[in-house]
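> Here is how the chains run, residue by residue.
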Amino acid sequence: MDAIDREILWLTQDGIGIEDRPFLHVARRLKISEEEVVGRLRRLERAGVVRRFGTRINPRKAGLAANAMVAWSVAPDRIADIGTAMAESPDVTHCYERRTIPGRWKYNLYTVLHCHDREDVLHKVGALSRATGAADYRILISTEEFKRRPSGRIEAAPGCRQ
Amino acid sequence: MHLDPRDRALLQQVQDAFPLDPRPYRVLGGMLGMPEREVMERLADLSRRGVIKHIAPILEPRSVGIRSSTLVAMRVPEERMHEVAAVINEYDSVSHNYRRDDDYNLWFTVAEASDEALFETLDEIRRRSMIPPGEILNLPVVQRFKLDVRFRFLPEEEDDGRDR
Numbered sequence: 001m002d003a004i005d006r007e008i009l010w011l012t013q014d015g016i017g018i019e020d021r022p023f024l025h026v027a028r029r030l031k032i033s034e035e036e037v038v039g040r041l042r043r044l045e046r047a048g049v050v051r052r053f054g055t056r057i058n059p060r061k062a063g064l065a066a067n068a069m070v071a072w073s074v075a076p077d078r079i080a081d082i083g084t085a086m087a088e089s090p091d092v093t094h095c096y097e098r099r100t101i102p103g104r105w106k107y108n109l110y111t112v113l114h115c116h117d118r119e120d121v122l123h124k125v126g127a128l129s130r131a132t133g134a135a136d137y138r139i140l141i142s143t144e145e146f147k148r149r150p151s152g153r154i155e156a157a158p159g160c161r162q
Numbered sequence: 001m002h003l004d005p006r007d008r009a010l011l012q013q014v015q016d017a018f019p020l021d022p023r024p025y026r027v028l029g030g031m032l033g034m035p036e037r038e039v040m041e042r043l044a045d046l047s048r049r050g051v052i053k054h055i056a057p058i059l060e061p062r063s064v065g066i067r068s069s070t071l072v073a074m075r076v077p078e079e080r081m082h083e084v085a086a087v088i089n090e091y092d093s094v095s096h097n098y099r100r101d102d103d104y105n106l107w108f109t110v111a112e113a114s115d116e117a118l119f120e121t122l123d124e125i126r127r128r129s130m131i132p133p134g135e136i137l138n139l140p141v142v143q144r145f146k147l148d149v150r151f152r153f154l155p156e157e158e159d160d161g162r163d164r
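Just so you know, the sequences run in chain order H and Z.
Its first residue numbered 1, the first sequence is counted upward by one per residue in the working numbering.
Its first residue numbered 1, the second sequence is counted upward by one per residue in the working numbering.
Keep in mind that a hint or two might mislead.
Which chain H residues stay away from chain Z? Per the calculated CB distances, all over 12 Å, these [what the hints assert, rightly or not]: (1) A3; (2) R29; (3) L30; (4) E119; (5) H123; (6) V125; (7) R130; (8) A135; (9) D136.
Residues from chain H that face chain Z, not an exhaustive set, calculated with beta carbons under 7 Å [what the hints assert, rightly or not]: (10) R42; (11) S142; (12) E145.
These aren't lab readings, by the way, just hints derived from the structure by calculation.
On a predicted model such as this, the values are computed, not experimentally measured, just so you know.
All C-beta atoms, glycine included, are put in the ideal place defined by N, C-alpha and C.
Taking the hints into account, I'd like the entire structure generated from these sequences.
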């Protein structure tokens, strides 16, 4: 990632416009062509710096009102298999192994599911449990969102800022 | 929130495979058999209604220097919930913060460049929130199996063959 790549990401990370030529202002500011802007974004995507270029959706406004985190307690020698299997479900957006706190907290695998409602949550979690044999879990449904934003951001670009 | 079939088809496409082209809305129109004008009007409307937050590159956290991240759960007295949540939200390194219906009722994620920076941020949050250590769970990531926040907008039977 060079300085121009960083500038492009910094200038587009909060959203491109809905206009005929949404990359035009970035191109002008960096004195390169629009083709170069999109070409660099494509390259950053292929290189894995950009996971994908696309729309950030607000699930609550798109009919998916119930966000459930499920904490599972699974045998350490099965966590790789179960984690991989759960990750394959299209309903699961996040799947992580996390450290436990011996004597206080035994859950070592975490999934996030975005569902229509509580009933849908129970149905989908039940299906994951049956499919993987993970039977010891705790469902944590969100009842209020205080903050939700991407975790990766370019905080400052060298060069043309300030 | 009503989404008609054309909205759904458009949402699925802009979420899964936004065309990186100088005229992306024209290309999307070509893919979906919609005039460019309609693509832009529908996207503007979905954006006004809050369904779409924005169209942007979604960065891989590791590629922007994030090396250490954790999930924290707290038991917060009900009357202090909004105050504590507001303190936590102040930190740029906090990406998600939710009330959840459990004994541990506040859950947030923090990501920093190093273990040391993460430790310092958590320590400061602990002090400022005045939640005792025995009421806090710190659950650092051991390994990531999946991070892919995409949704299905089309009924499954019309959605086959899609690489996901």
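> Evaluate each hint against the coordinates.
Evaluated hints:
1. The beta carbon of A3 of chain H sits about 15 Å from the closest Cβ of chain Z, which is more than 12 Å, so the claim that it is off the interface holds.
2. Every Cβ of chain Z is farther than 12 Å from the Cβ of R29 of chain H; the closest lies at roughly 15 Å, confirming the non-interface assignment.
3. For L30 of chain H, the condition that its CB be more than 12 Å from all CB atoms of chain Z holds, with the nearest at approximately 14 Å.
4. Non-interface call for E119 of chain H relative to chain Z: holds, since the shortest CB-CB distance, roughly 15 Å, exceeds 12 Å.
5. At roughly 15 Å from the closest C-beta of chain Z, the C-beta of H123 of chain H stays outside 12 Å, upholding its exclusion from the interface.
6. Look at V125 of chain H: its CB is around 14 Å from the nearest CB on chain Z, clear of 12 Å, so calling it non-interface holds up.
7. The Cβ of R130 of chain H lies farther than 12 Å from every Cβ of chain Z, with a closest approach of about 19 Å, so its non-interface assignment holds.
8. No beta-carbon of chain Z is positioned within 12 Å of the beta-carbon of A135 of chain H; the least distance is around 19 Å.
9. No beta-carbon of chain Z comes within 12 Å of the beta-carbon of D136 of chain H; the shortest separation is about 15 Å.
10. Among the interface hints, the one on R42 of chain H holds; its C-beta lies about 5 Å from the nearest C-beta in chain Z, closer than the 7 Å criterion.
11. Hint status for S142 of chain H relative to chain Z: holds, with the closest Cβ pair at about 4 Å, below 7 Å.
12. Look at E145 of chain H: its Cβ gets to within about 6 Å of chain Z, closer than 7 Å, so that hint holds up.
Consistency with the previously given hints is maintained throughout, with no hint failing.
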